[in-house]
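With the sequences and hints as input, model every part of the structure.
Residue numbers (the numbering used here), protein chains in the order written: chain A, 439 to 651; chain B, 1120 to 1446.
If you're looking for bench data, these hints aren't it; they were derived computationally from the structure. Note that this is a predicted model, so its numbers are computed, not measured. Any given hint could be a false lead.
[Claimed, not checked] If the Cβ cut is set under 7 angstroms, some of the chain A residues that face chain B in the computed set are: (1) Glu483; (2) Pro500; (3) Arg501; (4) Gln523; (5) Thr530; (6) Ile538; (7) Asn539; (8) Ser604; (9) His605.
[Said to hold, decoys possible] Label-pair restraints from in silico Cβ distances: (10) B:Arg1350 x A:Ala615: 24 to 32 angstroms; (11) B:Asp1178 x A:Gly581: 41 to 49 angstroms; (12) B:Ala1139 x A:Gly550: 26 to 34 angstroms; (13) A:Cys521 x B:Asp1273: 32 to 40 angstroms; (14) B:Leu1445 x A:Gly550: 47 to 55 angstroms; (15) A:Gly550 x B:Asp1300: 27 to 35 angstroms; (16) B:Glu1369 x A:Thr612: 24 to 32 angstroms; (17) B:Pro1337 x A:Ala600: 26 to 34 angstroms; (18) A:Cys580 x B:Pro1307: 48 to 56 angstroms.
Even for Gly, the Cβ is constructed at its ideal location relative to N, Cα and C.
Residues per chain, in single letters:
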Amino acid sequence: MERLLPPTLTSRRRFLETAGVATLVLASPPALADTTSGTAQASTENVRLTVNGRQHALDLDPRTTLLDALREHLALTGTKKGCDQGQCGACTIIVNGQRINSCLALAVMHDGDEITTIEGLAEDGDLHPMQAAFVQHDGLQCGYCTPGQICSAVALLAEHEAGWPSHVTVDVATAPALTDAEIAERLSGNICRCAAYANIVAAIRDVAKGGRT
Amino acid sequence: MTPFRYERPSGIAAACASAAEPAVKFIAGGTNLVDLMKLGIETPAQLVDISLLPLAGIDETPEGGLRIGARVTNSALAADMRVRRRYPLLSQAILAGASTQLRNKATTGGNLLQRTRCAYFYDTTKPCNKRVPGSGCAALGGLNRMNAVIGVSDNCIAAHGSDMAVAMTALDAQVETVAPDGATRTIPVDAFYRAPGDTPHIETVLAPGELIRSVLLPPPPAGRQVYRKVRDRASFAFALVSVAVILALENDRVRTARVAFGGVSYKPWRSAEAEATLAGAEVTRASFDAAALAALRNARGYGHNDFKIPLARRTLRATLADAAGLT
Chain A
439 MERLLPPTLT
449 SRRRFLETAG
459 VATLVLASPP
469 ALADTTSGTA
479 QASTENVRLT
489 VNGRQHALDL
499 DPRTTLLDAL
509 REHLALTGTK
519 KGCDQGQCGA
529 CTIIVNGQRI
539 NSCLALAVMH
549 DGDEITTIEG
559 LAEDGDLHPM
569 QAAFVQHDGL
579 QCGYCTPGQI
589 CSAVALLAEH
599 EAGWPSHVTV
609 DVATAPALTD
619 AEIAERLSGN
629 ICRCAAYANI
639 VAAIRDVAKG
649 GRT
Chain B
1120 MTPFRYERPS
1130 GIAAACASAA
1140 EPAVKFIAGG
1150 TNLVDLMKLG
1160 IETPAQLVDI
1170 SLLPLAGIDE
1180 TPEGGLRIGA
1190 RVTNSALAAD
1200 MRVRRRYPLL
1210 SQAILAGAST
1220 QLRNKATTGG
1230 NLLQRTRCAY
1240 FYDTTKPCNK
1250 RVPGSGCAAL
1260 GGLNRMNAVI
1270 GVSDNCIAAH
1280 GSDMAVAMTA
1290 LDAQVETVAP
1300 DGATRTIPVD
1310 AFYRAPGDTP
1320 HIETVLAPGE
1330 LIRSVLLPPP
1340 PAGRQVYRKV
1350 RDRASFAFAL
1360 VSVAVILALE
1370 NDRVRTARVA
1380 FGGVSYKPWR
1390 SAEAEATLAG
1400 AEVTRASFDA
1410 AALAALRNAR
1420 GYGHNDFKIP
1430 LARRTLRATL
1440 ADAAGLT
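Set out below in structure tokens:
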């Protein structure tokens, strides 16, 4: 797996692993006992995931979230860990065609699933239209929430295409036009603490209209 | 997170048998349970994943209603055209809750069983009778702005967080369950939750290993259906107060009215008092004022949440006026 990583990331990873050992040594004995003893000690489970078209077989502690499986076991660090409790949307990925918070999903419950992350949106080196639109409209500042925003936006357009209503849809029995208010509501699960919202909405509006690729 | 054993049975009987043991929990969407497990608030020794069970359909009933499988996601339910046309209240309520990412995972059964978002239930450094029975209630004298104002006790003032369940209560929905011995039963959503009393850690009438199979919607009632949610921001926040109204008019009078509140109690709070006040009343703001007073007559605030009582009254009045077409 490490050969897939660029050298800088590999060495940083080794440093983190070393630091992790040091932390464990310093941890208090009761904390260690919590995870290593007792009748409910976790064994690993085999989990097959198809991520961005590539098949993987992993042996995972059942406590592993999909987010940690992607980042720590498959070295796909484009998906970000923000709040780790389903409130910020930085970890948004697309599973079997639907966007979810990967931080609240146990990987073991997704055996056999098809996953698309931010790394899987570009094709043959060409940015996905949504990625290009975020660049063109400057739909970011620090960029930490951006992978989640873009995965969410891609799924948002598919949901709208399927006729899904939203909280701001006046008549839920109709398929609403994708107004700016609809875009904002449908993206409310993705927080941007830099507040690049105006440009994010502009980028999505642009792609929805097919204005550019 | 405490280690747990993981099991994914393929049949309902096997799932119920496993979950009848102590410290075993069902898991479906996991959006609430996984969060609580990370915090050490839920510490199951075993999880029974129900994702292989045949509970993901929405089917017509012979009576003209819908049977919603326990695993139907909140997104799928809100987007179902039969629900949108015949039970718009339910679509509206679901879409008022959480985010799309969460609704894509969260299920019908899991939404009903979600735990409270009381800040002191989440704060493991504070006493909480729901989290640690007998430890006390830090919310009573604490920052209880989000807490309940009706139907609760001095042992627990936690509010239920579901929007979906408020609509289901107004629609007279019923929960269909199966027990480990194979016995099935049907429980009105309004009777599904237990008042906190002295045992706020026991939240529903479900027995160990009893599984929600489905939720049954009776044929849609006559009248206009409106859900209104008041919260601290425009989207993705729990209700301060929400109101579900189903209002049927005849000439200038109310023929029948159904009223349920969210954010004010340990369960979706159906107001028989408001409904009785409205039945047969003239369609006027004075009638709606009277219903609002009746609905909150037995409410009491705990300091920071005192505002919820007038807010609930005003929200009901406005929602009734909307449903009646008064401008």
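Open item on the list: Given the hint of 47 to 55 angstroms, is the C-beta distance from leucine 1445 (chain B) to glycine 550 (chain A) inside that range or not?
Closed with: 54 angstroms, holds
Task: Cut-off 7 angstroms, beta-carbon criterion: hint that isoleucine 538 (chain A) touches chain B - done: Because about 5 angstroms separates isoleucine 538 (chain A) from the closest Cβ in chain B, which is inside the 7 angstroms limit, the hint holds.
Open item on the list: Hint validation: arginine 501 (chain A) versus chain B, beta carbon distance must be below 7 angstroms. Holds or violated?
Closed with: 5 angstroms, holds
TODO: With respect to the beta-carbon atoms only, verify the hint that aspartate 1178 (chain B) and glycine 581 (chain A) lie 41 to 49 angstroms apart.
DONE: With Cβ atoms ~46 angstroms apart, the hint holds.
- [ ] With respect to the beta-carbon atoms only, verify the hint that glycine 550 (chain A) and aspartate 1300 (chain B) lie 27 to 35 angstroms apart.
- [x] 32 angstroms, holds
- [ ] Please test the hint of 24 to 32 angstroms on the beta carbon pair from arginine 1350 (chain B) and alanine 615 (chain A).
- [x] Since the Cβ atoms of arginine 1350 (chain B) and alanine 615 (chain A) sit about 25 angstroms apart, the hinted range of 24 to 32 angstroms holds.
Open item on the list: Taking the Cβ atom of cysteine 580 (chain A) and the Cβ atom of proline 1307 (chain B), is their distance within the range 48 to 56 angstroms?
Closed with: With a Cβ separation near 50 angstroms, cysteine 580 (chain A) and proline 1307 (chain B) satisfy 48 to 56 angstroms, so the hint holds.
TODO: Would you settle whether the hint for histidine 605 (chain A) is holds or violated, based on the nearest Cβ-Cβ distance to chain B being less than 7 angstroms?
DONE: 4 angstroms, holds
Open item on the list: Looking only at beta-carbon atoms, does the pair glutamate 1369 (chain B), threonine 612 (chain A) fall within the given range of 24 to 32 angstroms?
Closed with: 28 angstroms, holds
Open item on the list: Less than 7 angstroms between beta-carbons is the criterion; does glutamine 523 (chain A) satisfy it with respect to chain B?
Closed with: Holds, about 5 angstroms.
- [ ] Verify the interface restraint on proline 500 (chain A): the C-beta must sit less than 7 angstroms from at least one C-beta of chain B.
- [x] Status holds, d = 4 angstroms.
- [ ] Grab the minimum C-beta distance from glutamate 483 (chain A) to chain B and call the hint holds if it beats 7 angstroms, violated otherwise.
- [x] 6 angstroms, holds
In this structure, none of the earlier numbered hints is contradicted; all agree with it.
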